[in-house]
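Fit chain F to the given chain G structure using the hints.
Number of protein chains: 2
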Amino acid sequence: MKNVTLKVEGMSCGHCVNSIEGALKTIGASGKVDLSGGTVAVAYDESQLTITAIKEAIEEQGYDVV
Amino acid sequence: MKNVTLKVEGMSCGHCVNSIEGALKTIGASGKVDLSGGTVAVAYDESQLTITAIKEAIEEQGYDVV
Numbered sequence: 001m002k003n004v005t006l007k008v009e010g011m012s013c014g015h016c017v018n019s020i021e022g023a024l025k026t027i028g029a030s031g032k033v034d035l036s037g038g039t040v041a042v043a044y045d046e047s048q049l050t051i052t053a054i055k056e057a058i059e060e061q062g063y064d065v066v
Numbered sequence: 001m002k003n004v005t006l007k008v009e010g011m012s013c014g015h016c017v018n019s020i021e022g023a024l025k026t027i028g029a030s031g032k033v034d035l036s037g038g039t040v041a042v043a044y045d046e047s048q049l050t051i052t053a054i055k056e057a058i059e060e061q062g063y064d065v066v
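Residue numbers (full-length UniProt numbering), protein chains in the order written: chain G, 1 to 66; chain F, 1 to 66.
Bound conformation, chain G alone (with noise of 0.2 Å):
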């Protein structure tokens, strides 16, 4: 399992919380978002995703990863 934290712009409220994290469950991650730090924890495992695939799912939701 890695772990990385990714700083995120445009997340402002629980909506914004549970659109990423879902999407992170979605694909087989792991993500808790800290709002007010403006990032993304996310937990995956490299063999099944690719930190490419984390920042494109994070995107898709319309948030910009920095």
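Errors might be hidden in some of the hints.
As the list claims (entries may be wrong) - Label pairs and their calculated CB-CB ranges:
1) G:Gln48 x F:Lys2: 53 to 61 Å
2) G:Gly22 x F:Val65: 25 to 33 Å
3) F:Gly62 x G:Asp34: 15 to 23 Å
4) F:Glu46 x G:Met1: 53 to 61 Å
5) G:Val65 x F:Ser30: 35 to 43 Å
Said to hold, decoys possible - Listed below are several chain G residues computed to face chain F (Cβ distance under 10 Å; list not exhaustive):
6) Gly10
7) Met11
8) Ser12
9) Cys13
10) Gly14
11) His15
12) Cys16
13) Asn18
14) Ser19
15) Gly62
What the hints assert, rightly or not - Away from chain G, derived, C-beta distances all over 12 Å, residues of chain F:
16) Met1
17) Asn3
18) Leu6
19) Ser30
20) Asp34
21) Ala43
22) Leu49
23) Thr50
24) Ala53
25) Lys55
26) Glu60
FYI, nobody ran anything at the bench for these hints, they're computed from the structure.
Glycine residues also receive a C-beta, built at the ideal position from the N, C-alpha and C atoms.
Coordinates of chain F only, in the frame set by chain G:
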């Protein structure tokens, strides 16, 4: 049809817009959120709905009508 514009706190993103406009639609009113202005313009039939019911529908979504 009566039109009122309410000042609402806590609306921050597109999900918020959808949740408030959806809640108003559910009770038979029509709402338009102005995120940057922090307002919700509501059109409703006074013979069917009260302003109290309108405010409650918004507050039930987790926002404060001020």
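Checked hints:
1. With their beta carbons about 55 Å apart, Gln48 of chain G and Lys2 of chain F fall inside the hinted range of 53 to 61 Å.
2. About 28 Å separates the C-beta atoms of Gly22 of chain G and Val65 of chain F, a value consistent with the hinted range of 25 to 33 Å.
3. In this structure the hint that Gly62 of chain F and Asp34 of chain G lie 15 to 23 Å apart at CB holds, the actual value being about 20 Å.
4. Hint check: Glu46 of chain F to Met1 of chain G, Cβ distance near 58 Å, so the stated range 53 to 61 Å holds.
5. Restraint check, Val65 of chain G to Ser30 of chain F: a C-beta distance of roughly 36 Å satisfies the suggested window 35 to 43 Å.
6. At about 8 Å, the closest approach between the beta carbon of Gly10 of chain G and any beta carbon in chain F falls short of 10 Å, and the interface hint on this residue holds.
7. Checking Met11 of chain G against chain F: minimum C-beta separation of about 8 Å stays under 10 Å; hint holds.
8. For Ser12 of chain G, the interface hint holds, since its Cβ comes within 10 Å of a Cβ in chain F; the closest pair sits about 4 Å apart.
9. Below 10 Å, beta-carbon pairs count as interface contacts, and Cys13 of chain G has one with chain F at about 5 Å; its hint therefore holds.
10. The interface hint given for Gly14 of chain G is met, as the beta carbon of that residue sits about 7 Å from the closest beta carbon of chain F, less than 10 Å.
11. Proximity of His15 of chain G to chain F holds as hinted, the smallest CB-CB distance being about 3 Å (cut-off 10 Å).
12. With its C-beta approaching chain F no nearer than about 6 Å, Cys16 of chain G sits inside the 10 Å limit, and its interface hint holds.
13. For the restraint placing Asn18 of chain G at the interface with chain F, the shortest Cβ-Cβ distance is roughly 8 Å, inside the 10 Å limit, so the hint holds.
14. A cut of 10 Å between beta carbons decides the hint on Ser19 of chain G: the least distance to chain F is about 7 Å, and the hint holds.
15. Annotation: interface hint on Gly62 of chain G holds; nearest CB of chain F at approximately 7 Å, less than 10 Å.
16. Consistency note on Met1 of chain F: stated as away from chain G, and its beta-carbon is indeed over 12 Å from all of that chain's, at 30 Å minimum.
17. The Cβ of Asn3 of chain F sits about 27 Å from the closest Cβ of chain G, beyond the 12 Å cut-off, so the non-interface label holds.
18. Taking the minimum C-beta to C-beta distance to chain G, about 18 Å, the non-interface status of Leu6 of chain F holds against the 12 Å cut.
19. With a closest Cβ-Cβ approach of about 21 Å to chain G, Ser30 of chain F is found to remain outside the 12 Å limit, as its non-interface label requires.
20. No beta-carbon of chain G is positioned within 12 Å of the beta-carbon of Asp34 of chain F; the least distance is around 16 Å.
21. The beta carbon of Ala43 of chain F sits about 24 Å from the closest Cβ of chain G, which is more than 12 Å, so the claim that it is off the interface holds.
22. Listed as a non-interface residue, Leu49 of chain F keeps its Cβ farther than 12 Å from every Cβ of chain G; the least gap is roughly 25 Å.
23. Against the 12 Å criterion, Thr50 of chain F stays outside the reach of chain G, whose nearest CB is about 27 Å from its own CB.
24. The beta carbon of Ala53 of chain F sits about 23 Å from the closest Cβ of chain G, which is more than 12 Å, so the claim that it is off the interface holds.
25. In this structure Lys55 of chain F is separated from chain G by more than 12 Å, as the shortest Cβ-Cβ distance comes to about 20 Å.
26. For Glu60 of chain F, the condition that its CB be more than 12 Å from all CB atoms of chain G holds, with the nearest at approximately 14 Å.
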